[in-house]
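Given next are the chains, with one letter for each unit.
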Amino acid sequence: MIKSLSRFFMQRRSWSIPYAIFLFIFVLMPLLLIVYYSFTDEEGVFTMGNFRKFLMHPEAMNTFIYSIGIAIITTLSCLLLGYPAAYIMSQKHFNVPKTMIVLFILPMWVNILIRTLATVALFDFLKLPLGEGALVFGMIYNFLPFMVYPIYNTLQKMDHGLIEAAQDLGANPMKVFTKVILPLSMPGVISGIVMVFMPTVSTFAIAELLTMNNIKLFGTTVQENIYNGMWNYGAALSLIMLLLIGIMSLFTNEEDNAQNESGGVI
Amino acid sequence: MMNRILAKGYLWFLLALLYSPILIIMIFSFTEAKVLGNWTGFSLKLYSSLFSGGMHHSLVSAIVNTFLIAFIAASVSTMLGSIAAIGIFNMRNPYSKSIINFTNNIPIMNPDIITGVSLFLLFVSFGISQGFTTVVLAHIAFCTPYVVLSVMPRLKKMNPNIYEAALDLGATPFQALRKVIFPEILPGMISGFILAFTLSIDDFAVTIFTIGNQGLETLSTFIYADARKGGLTPELRPLSTIIFVTVLVLLIIINKRAEKQKKE
Numbered sequence: 001m002i003k004s005l006s007r008f009f010m011q012r013r014s015w016s017i018p019y020a021i022f023l024f025i026f027v028l029m030p031l032l033l034i035v036y037y038s039f040t041d042e043e044g045v046f047t048m049g050n051f052r053k054f055l056m057h058p059e060a061m062n063t064f065i066y067s068i069g070i071a072i073i074t075t076l077s078c079l080l081l082g083y084p085a086a087y088i089m090s091q092k093h094f095n096v097p098k099t100m101i102v103l104f105i106l107p108m109w110v111n112i113l114i115r116t117l118a119t120v121a122l123f124d125f126l127k128l129p130l131g132e133g134a135l136v137f138g139m140i141y142n143f144l145p146f147m148v149y150p151i152y153n154t155l156q157k158m159d160h161g162l163i164e165a166a167q168d169l170g171a172n173p174m175k176v177f178t179k180v181i182l183p184l185s186m187p188g189v190i191s192g193i194v195m196v197f198m199p200t201v202s203t204f205a206i207a208e209l210l211t212m213n214n215i216k217l218f219g220t221t222v223q224e225n226i227y228n229g230m231w232n233y234g235a236a237l238s239l240i241m242l243l244l245i246g247i248m249s250l251f252t253n254e255e256d257n258a259q260n261e262s263g264g265v266i
Numbered sequence: 001m002m003n004r005i006l007a008k009g010y011l012w013f014l015l016a017l018l019y020s021p022i023l024i025i026m027i028f029s030f031t032e033a034k035v036l037g038n039w040t041g042f043s044l045k046l047y048s049s050l051f052s053g054g055m056h057h058s059l060v061s062a063i064v065n066t067f068l069i070a071f072i073a074a075s076v077s078t079m080l081g082s083i084a085a086i087g088i089f090n091m092r093n094p095y096s097k098s099i100i101n102f103t104n105n106i107p108i109m110n111p112d113i114i115t116g117v118s119l120f121l122l123f124v125s126f127g128i129s130q131g132f133t134t135v136v137l138a139h140i141a142f143c144t145p146y147v148v149l150s151v152m153p154r155l156k157k158m159n160p161n162i163y164e165a166a167l168d169l170g171a172t173p174f175q176a177l178r179k180v181i182f183p184e185i186l187p188g189m190i191s192g193f194i195l196a197f198t199l200s201i202d203d204f205a206v207t208i209f210t211i212g213n214q215g216l217e218t219l220s221t222f223i224y225a226d227a228r229k230g231g232l233t234p235e236l237r238p239l240s241t242i243i244f245v246t247v248l249v250l251l252i253i254i255n256k257r258a259e260k261q262k263k264e
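Protein sequence lines correspond, in order, to chains A and B.
Yeah, the first sequence ends on 266 if you go by this note's numbering, and it's all consecutive.
Yeah, the second sequence ends on 264 if you go by this note's numbering, and it's all consecutive.
Hints are not guaranteed to be accurate.
As the list claims (entries may be wrong) - Below, a list of computed lysine-lysine pairs in the DSBU-like style, where the Cα atoms sit at most 35 angstroms apart:
id, chain 1, residue 1, chain 2, residue 2
1, A, K127, B, K97
2, A, K127, B, K34
3, B, K34, A, K98
4, A, K157, B, K97
5, B, K8, A, K175
Unchecked claim - From chain A, some residues computed to sit far from chain B (all C-beta separations above 10 angstroms):
id, residue
6, T63
7, A85
8, E164
9, I181
Unchecked claim - Covered stretches of chain B (chain A as the covering partner; in silico rule of three or more C-beta atoms under 8 angstroms from a C-beta of chain A):
id, region
10, 9–21
11, 60–71
12, 75–87
13, 101–107
14, 111–123
15, 137–144
No wet-lab data here; the hints were simulated from the structure.
Just so you know, even glycine gets a beta-carbon here, dropped at the ideal spot from N, CA and C.
Use the sequences and the hints to build the structure in full.
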């Protein structure tokens, strides 16, 4: 008995078992609990009431739509600002030093609250009012690196021969861009959109800080409900957010995972 | 030529936009003024009062908690993740392998708030009182997947025959692990540890849902509580500066390591 047990643990593939158990307890079960709580009431009886409450409640609904709006504005602005930057950095003839690329990615690793406080400080320093403008600026400032990085990655891996071939065949620079470079960089653009949209639509706390508590985003609604003990309603709101994000991430493709697995840390 | 200047100028403009907030905080960390934006001459007083404790005792204990949590979470994640990576790599059943890989990606893909809410529900459902332990557990939960992902490529690159050869030459499986596999995956483990450590220090969303209300504070929750009160503690300026510089140095180290690994 002991011998067979020890042989079982000697097999290296058995070593994934502790982690499998860990993943079940700390990843799968918590997610199932969100589903469980959102379809039950305080007594644990099945109900659709939490979702009905969300649909009937104009304030929650408005916050939801407003958050999506802010997320779309942020994502589009990041795309418009970030794509040219990623393009310039990926082109060899512009000769951009490597440190500059690291500088673009660096803010991603600074605590989001510190970055947000820094934005508040900047607005104070320039004597600009806090509010919707500060909110959008803060969001762009916080999430722009998430747009630049994936686009830069795909552009850099692109086969340069294709661009030269297009040029040889007589395409003007505009055509080369719209017919070759842009379509080939779409995977990066899509994962950039997801990487910016997901955190902007789910943030909480930073909106309050940037608008002096005047504007509430959906993440804050979730947090407040959980904090005030309305776990079932909070769970239902989380599930709605999760569904929204799930729909978004359907657009990501396998290429994204390949990037992660190659061990590219930053 | 004109194009090149325009392109570089654009990059500098974006970088200025990205760094101006943090630069303002850095500059005003070297002056005493309570209100940010008032320059009252060069001074290191904020730095010294940050470290002398006393008045800002809660800030100091928040810093200590943050690092303690990060250290424990990163150490446990590194061990758990490395063992798991070896296990997953050697799994033969493709279905269970892809299930565990998929589950491993969930915490990475999930927004922080969902991870936070889900772990909060886990702890309250089982009546576990929230505090230091729950924060550490939560951090282990979202850090370990990154360790698995940074150890995995090292295993894939390894020559599988070396392990078999060690066994053929009479090494016990444990010896073979220690002398053959461990040195091969060590760089991945170190990168994974640093990554887990930075993620844990950085975290706000998961922490705030699992920290409970017994007065435990980490740096993120301290800053949040402080900012909500409206007044920014001036000592946060030197602190942000130190954190920013530390992250910069850590990142440069990670980057150098990654480049070196690529060359190998």
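Comparing the hints with the structure gives:
no.	hint	verdict
1	K127(A) <-> K97(B)	56 angstroms, violated
2	K127(A) <-> K34(B)	17 angstroms, holds
3	K34(B) <-> K98(A)	38 angstroms, violated
4	K157(A) <-> K97(B)	29 angstroms, holds
5	K8(B) <-> K175(A)	23 angstroms, holds
6	T63	14 angstroms, holds
7	A85	5 angstroms, violated
8	E164	18 angstroms, holds
9	I181	15 angstroms, holds
10	9–21	holds (count 9)
11	60–71	violated (count 0)
12	75–87	holds (count 6)
13	101–107	holds (count 5)
14	111–123	holds (count 11)
15	137–144	holds (count 5)
Violated hints, in rising order: 1, 3, 7 and 11; the structure is consistent with all others.
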